[in-house]
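Please arrange chain B on chain A, whose structure you already have, making use of the hints.
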Amino acid sequence: MSDELRLAWAIARKDALCELRGRQAAGSTLFFAALVLLLFGFALGPDTRRLAEAAPGLLWLAVVFGGLLTVARLHQLEAEDGALDELARYPVERRTIYLGKALAGGMAVIVLGAVLLPVVGVLYGIDLAPAALPLALTVLLGGIGFAAVGTFYAAVTVRMRAREVMLPLLMLPVIAPLLLGAVEATAAALSGDPFGELGAWLQLLAGFDVVMLLAGAAGYGYLLEE
Amino acid sequence: MKTRILGLAAVVALAAASVNALFMVPADLNQGDAQRIMYVHVPSAWLGYLSFGVTALGGLAYLWKHDLRLDALAHAAAEIGVMFTAFAIWGGMMWGQPVWGVMWQWEDPRLTTTALLLALYVGYLLFRRLTDDPRRRASRAAVVGLVAAVDIPIVHFSVEWWRGLHQGPTIGSPERVLDPAAPMQFVIALLTMLAAFTLAWAWLMVRRYQLARIELETEERARLGRISAARRAAPATPAPRAEEGVG
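The listed protein sequences derive, respectively, from chains A and B.
Under the numbering used here, the first residue of the first sequence is numbered 1, with each subsequent residue one higher.
Under the numbering used here, the first residue of the second sequence is numbered 1001, with each subsequent residue one higher.
If you are wondering where the hints come from, they were derived from the structure by calculation, not from laboratory data.
Here a beta-carbon is modelled for each residue, glycine too, at the ideal position from N, C-alpha and C.
Be aware that one or more of the hints could be misleading.
[As the list claims (entries may be wrong)] Derived list of chain B stretches under chain A, where covered just means 3 residues or more per stretch with a C-beta under 8 Å from a C-beta of chain A:
hint, segment
1, 1112-1123
2, 1126-1133
3, 1136-1146
4, 1149-1160
[To be verified] Now the in silico label distances, taken between C-beta atoms and shown as ranges:
hint, chain 1, residue 1, chain 2, residue 2, range
5, A, Val-165, B, Ile-1227, 54 to 60 Å
6, B, Gly-1101, A, Leu-38, 34 to 40 Å
7, B, Ile-1227, A, Ala-114, 51 to 57 Å
8, B, Arg-1207, A, Ala-132, 57 to 63 Å
9, B, Asp-1132, A, Arg-13, 32 to 38 Å
10, A, Val-165, B, Ala-1015, 38 to 44 Å
11, B, Glu-1220, A, Leu-214, 32 to 38 Å
12, A, Gln-203, B, Ala-1086, 55 to 61 Å
13, A, Gly-22, B, Asp-1132, 29 to 35 Å
14, A, Ser-28, B, Ile-1227, 52 to 58 Å
15, A, Gln-203, B, Trp-1046, 26 to 32 Å
16, B, Arg-1004, A, Val-210, 46 to 52 Å
17, B, Asp-1132, A, Glu-93, 27 to 33 Å
18, A, Asp-3, B, Ala-1202, 47 to 53 Å
Next up, chain A with everything else stripped away, as it sits in the complex (with noise of 0.2 Å):
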């Protein structure tokens, strides 16, 4: 098992260094969901406290748009390279490949939700600082669930036609409990939990990311072979 993660992370980590050495993408990512935020002040806004409002479920869609182009990378610079069918030939299981492709996007989508937090703050001035701890967990099982997702379906699509809308186009239904859950968590966290039922969205969460990553696991093997 440790030696299943330890391939796991090569896999994540080689992800990582390609995208940060790339140098285009993840910054355009990131600039690309941020400007999604301050679209969505043009279109709801002026009032702040609309914004405010509707704060939570604006952060969880611009995570979502920049995620998608972020998991679409994860299989495409290396079907374009052809390094995808050298990565199926390595002598490890199918679903290690799988988790550190999830670890990888996992991350990214991650970074990308705490880049992204503190601009909603500031956009829709909402006082993150006493959120901190549930905002930070919130962001934590929404980015795993997300990347479990993600990268089963960035395979399924790597190398189809239309792949650009076959992606967002079979992937956002499935999330749809997981951007329930976060945003919901989200809003609890910031109205300071009155009802208390934060932990609940939380475990939301955390079961669908559990599913999702066995189900991820279980099918990805079906997805290389060829």
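Only chain B this time, still in chain A's reference frame:
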């Protein structure tokens, strides 16, 4: 011939059940004639769920046996399931307009779940159309269908929770129709309609499955044709190599 008998039985049963539900059974006291929509809405929803169950099981069986006929079954069921689910949502909206006052009720977990269910399987069908290689399509569609099936209970659960935690208004749900207090006539009308719809579903399934098999054969013939055409065009080179890039 057997299929034709099944189809005839479905038509007769649907006609009889419709006449009963539309003219013999009295209108509901509170909802009036709008309640009659339930007689087609509930069977459609049930067949939608049944179809997607068949799709998931067919996919699972394909991954195990690698028999393309199982994939054809999963495909047929998904297409028919999308049709019935869309019909169920449409019927629900027609019913919601007079009874709830709105077509779309966000606080009804069944409606929200069903809408996502429809989106998941429309995605499944589009995915199938955009993948050319039959084997690759079959195994990938199987996993996509299975993940969708795993997702549905979580969706339902989360939406249910959403409403529960928000303490939304309690709204008359379609299940009321099956209330034990409901007059026997309503229950019988619904059950006969369920039976008639299920017969029609079975006939559609058989026909769509046969069609899917023919589609597979045509595809295979076209592939073989392309390969031999490529061989004739360039007899010196190992022609089938070019085929591997498809999809």
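Which numbered hints are broken by the structure, listed smallest first? 5, 12 and 14
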